Amino acid sequence: MVEEVLGFVPEEHGEHLWLWVEKRGLTTLEAVRHLARACQVSPRAVGYSGMKDRIAVTRQWLSVHLPGQQAPDDLAEQLAALGVRVLEQVRHPRKLKRGVHRANRFSLRITGEAVGAELAARWDWLCLHGVPNLFGPQRFGPEGRNLTRARALLARGWRKRDDREGMLLSTARSYLFNELLAMRLADGSWGRLLAGDVAMLDGTASQFLVDSPDAELDQRAERLDLHPAGMLWGIGESLATSEAAHFERAIVERHAPLCRGLEQAGVKMARRALRMRLDQPKLTVDGVTARLDFHLPRGSFATAVLRELIAHPTLASFAERKAPGHEPG
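1 is the number of the first residue of the sequence shown in the working numbering; add one for each residue after it.
Calculated directly from the structure, the hints in this document are not laboratory data.
Please note that the accuracy of each hint is not assured.
[Stated by the list, open to error] Taking lysine-lysine and the DSS-like style, the derived pairs with C-alpha atoms no more than 27 Å apart in a straight line are:
hint, residue 1, residue 2
1, K160, K97
2, K268, K95
3, K160, K282
4, K97, K282
5, K95, K160
Keep in mind that this is a model prediction, so the values were computed, not measured.
Could you build all of it, start to finish, from the sequences and the hints given here?
Following this line, the structure appears as structure tokens:
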């Protein structure tokens with residue numbers, strides 16, 4: 001189960017109708033199309049903050065632009081018939097934009113061999129040291145086919161009509177980030193600051209260059225107050241220098257066609273924390289069943305948490321190396 005944590009309250013007036021919905025077996029974009037058809041508007045008139053998984057019970061906000069008009073009287077019934085349950089409706093002056101929610105609340109149940117003596121030890125380690133902030137396998141599509149499509153599209157020149165939601169651009173950037181993080185995992189530096197690293201404050205986008213780590217910064221990193229940040233490739237200069245820049249240059253050299261394609265597509269350079277902190281974590285074990293509850297920053301993947309806890313071929317496929325040092329015992 002995934003629940004969006006918005007971080008603010010709609011104002012109860014305005015041209016946009018916001019709906020708090022629950023869905024299962026549908027992607028966010030499918031829910032957007034259902035809402036647009038029910039209200040007889042273009043999908044562009046519908047807003048959402050985050051893309052929620054199809055294989056999950058998910059709750060999130062959607063908005064639809066209805067200036068001077070009411071929603072259909074049977075809107076909730078129409079959407080329910082399509083697998084989208086409306087839990088709340090409220091007005092707001094502005095469209096819901098991508099990435100404005102603060103976090104996501106996860107509740108996962110695992111059963112079987114994974115629920116053994118090592119599970120609690122691994123969980124405790126992650127709560128103390130953080131989790132590699134990898135992009136999950138769902139970003140790359142079934143059997144990673146989105147990455148193959150992204151390579152082909154960028155090789156011939158990206159066009160919006162071929163990738164209207166920008167998913168293939170995102171796939172390429174995610175892959176490069178995962179490659180960088182895999183190098184830092186192998187090096188053992190994924191959770192500590194190197195000379196020339198860009199540090200990102202936990203739970204925010206605030207960042208600053210670290211010329212040379214000192215004892216205070218090392219202690220803050222150990223407390224998970226800040227994290228080293230890796231590049232999301234695009235146009236612009238990377239802030240990283242010195243030792244940290246070595247890893248980024250290696251990625252650019254190894255994947256030059258992807259990097260050039262992203263630059264030609266006009267994507268701007270950005271950064272993402274290499275590590276994430278489990279907020280409000282709770283593990284409940286009952287026999288052969290375990291329930292995991294935790295909050296993650298927006299854009300982080302619960303599958304990245306699971307791959308540090310259990311062995312599963314799908315979870316292992318999107319990054320070969322595990323974080324060193326968190327084997328139980």
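Consistency of the hints with the structure:
A C-alpha spacing of about 19 Å is found between K160 and K97, which places the hinted pair at or below 27 Å, so the restraint holds. Between K268 and K95, the direct Cα distance comes to roughly 23 Å. Compliance with the 27 Å bound is thereby established for this hinted pair. Taking the CA atoms of K160 and K282, the gap is near 42 Å; set against the 27 Å cutoff, the hint is violated. With a CA separation close to 31 Å, the supplied pair K97 and K282 exceeds the 27 Å bound.
With a C-alpha separation of about 22 Å, the suggested pairing of K95 with K160 holds against the 27 Å cut-off.
Consistency note: the structure conflicts with the earlier hints numbered 3 and 4.
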